[in-house]
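Start from the sequences and build out the full structure, keeping to the hints where you can.
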Amino acid sequence: MRSLPYIVASTLTLMSVAVLRATPAVSATTSGNWTSSGTWDNGVPTNTSNVVIQDFNIAFNVGSTTTVHDLSLLAISSGASLTDVATNRTLNLGGTLTLTGTSLSNAASLQVNTVNIQAGGNLTMNAFSSFTANGSVTVAAGATANLNNGATLARTFYNNGTTTQTGTVTLSGATTNNNNGAIYYVSGTSELNTGSLFNKSGALLTKIGGGTSDIKVGVTNQSGGTIRVDDGILQLNSNVSNSGAITVTNTQTGNQLNTLLATVTNKSGGAITVQSGANWTNDAEFVAQAGSTISNAGEIKFNSGNATFEGTTGISGGGVTSFQANSHVAFNGTNSIDNTVTFLGEVGGFNSSGGTVNVNGAATWDGSATNTSTDTTVNFNNNLAIKGHYDASNASNSNTYANATTTLDANKNVITNSTSGFTNTSTGTFNMAHDGSGITGPGTFTNDGQFNKTSAGTNTLDEVAFVNTGNVAVTSGVLQATNGATYAQSSGNTDIAAGATLGGATATFSGGSLSGNGTLTTDGGAFFNSGSTITPGTTGGADIGTLNFGSDVWVSSGANYAIQLLSTGGVAGTDNDTLNISGSLQLPSDGFNLTINSIGTGGLIDGFTDSGNYNWTIASAVGGIVGFVDGTYAIGGTSFNLGGFNLDLSGIGNIANYSGTWSLINDGTNLILNYASFAPVPEPSTYAMIGAGVCGLLLVLRHRQRARLAANSALLAAE
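The sequence shown lines up with residues -21 to -1, 1 to 698 when you count with mature numbering (1 follows the signal peptide of the UniProt record, and there is no 0).
The reader is advised that the hints may include incorrect statements.
As the list claims (entries may be wrong) - Once the Cα atoms are required to be at most 25 Å apart in a straight line, the calculated DSS-like pairs of lysine-lysine come out as:
#1 Lys195 / Lys280
#2 Lys195 / Lys246
#3 Lys246 / Lys280
#4 Lys246 / Lys366
Hints were generated in silico from the structure; no laboratory data involved.
Take a look at the structure:
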């Protein structure tokens, strides 16, 4: 009697040795053929024999229809082999097959209950062979099992050595354990069907040999286990649970991992790595649990299903990731994507405590992508190209922040709602460079950075609250607010270039400045509150400008009007800054701040002499000038009149030489700045005049609307 190890084939794992006893024993006494009686010490083995092949090589050259049934045990010891189990030869073992020595190979059909492949043993099932193990299969450390097309394993497969699978292997509900130190090679075009595979700590499951290997069993890669794609395509077609390492290498061109159909869970401690030049395509439900990692230097595609990132998980590396049209990605923690990333599907976050996703690589928003997140913050920290609508209309309490350069393609929109907005941050640049694109509400679009409208056609702000605290440059075409959209600025600057238009329902400036040579036209008027500044021409530039308004202009107390004087020619828009207003100019009864700078040669006013008399039209309003109040002015001390206009002349370079007087004149439709070398005709109700001052002196002017224009005819005629 002999103690023999269990053995059958399908994966890699170490198992305890079972002892089988059967009589009578038939042992090989010499090398030869199975059917030769001289090969055996007790005659040719019968169906119930306990067969031992030790130190000899036996050829299984039975007849083409001969079948050896139900051997109790077949033991092939060290130095022995059973070969040439050729086509149409069948070896049917009802007991145990034990390989301690070299090999069993070339079987056409092998059926066995239990297989033990011990150290040095080699089970090889070649192409077109059939191998069925109805019991357990154990491949010991140092042993080799080659499972080829047609193998069927019905019970547990323990692999502790090296197993190579080629062709179709069916587990038939069995469990494959790839144990510590074991290697399971999936080679060429092959399938592993119907069962489950456990890749344990220290074990290696490797795709080799090119082609596509399709694993249709559930795969559990335990902590410390490794799954590698070294050559070809590995398809995981059932549930995958990863607590170890899954790596798609670049050892061969085109290496790829496909996860399909079921659920892939990257558990805490699990790591998925895609090397440069390699690919991972996911068509399954995917969950990256807290504590797991994904490193991508190649390409990852989430084609369909839900991809969920929890905790602080994300995708690192310098590769490319895309969320395709049928996918849905949810960011439920503080997640980061460092790859170049394309969003074509639905993007949602569902963490009621507030999730955050940081997109640190260049991003493209394309196709039918939508943002349906709840309580989620999305930070685009690199360039963002919006090639499809950025649709957050179904988001809830979620905000998007663009921190680099954002480009909006033709006929595409940023869409917000009442609880979810979009912010171009202080480090961001938002480029509206194509006709037909726009921003849609009813949410809020906030510009804290640089907003450029450069397309030659029309772009819209539709039902949106546009809030500017940065810089808005409308350099061409029309930026039109529609459906009740509003434009509000609390700081920063809005510049409208010549020929360009900013239009809408209302425009309110509570801080910052409005500059340029273009047109601001609003249905409800333009409002300049305390702290805001109107400055025609280029902001801070030494040029003369005309700023046009297509509706009423309302100026509040504390607002500023900053103009530049080039020369004494008196042509508005050429020699001095001016406002051209199609509606009315509504002035406050208690005045506003007027700042004058000279920008002529040497910082002076070209053509100016102290003895001259000059007029500059600094505003014209077709609808009239309303609110111009007569009164007196005084300089300094207790007689300083806060009810008048604060006139800052410190920017005029040669003011120290002025001995004449400055005044503002309202002729009904024009607001005129006047310098006279002599006292004007006494008519307090006609002029508000400012005495000569020194550089840096703040003069306060209070005036009223002229009662009569004729009273000044002498002064005006003299000029």
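Status of the hints after comparison with the structure:
no., hint, result
1, Lys195 / Lys280, "20 Å, holds"
2, Lys195 / Lys246, "21 Å, holds"
3, Lys246 / Lys280, "20 Å, holds"
4, Lys246 / Lys366, "34 Å, violated"
Hint 4 alone, counting from the list given before, is not met by this structure.
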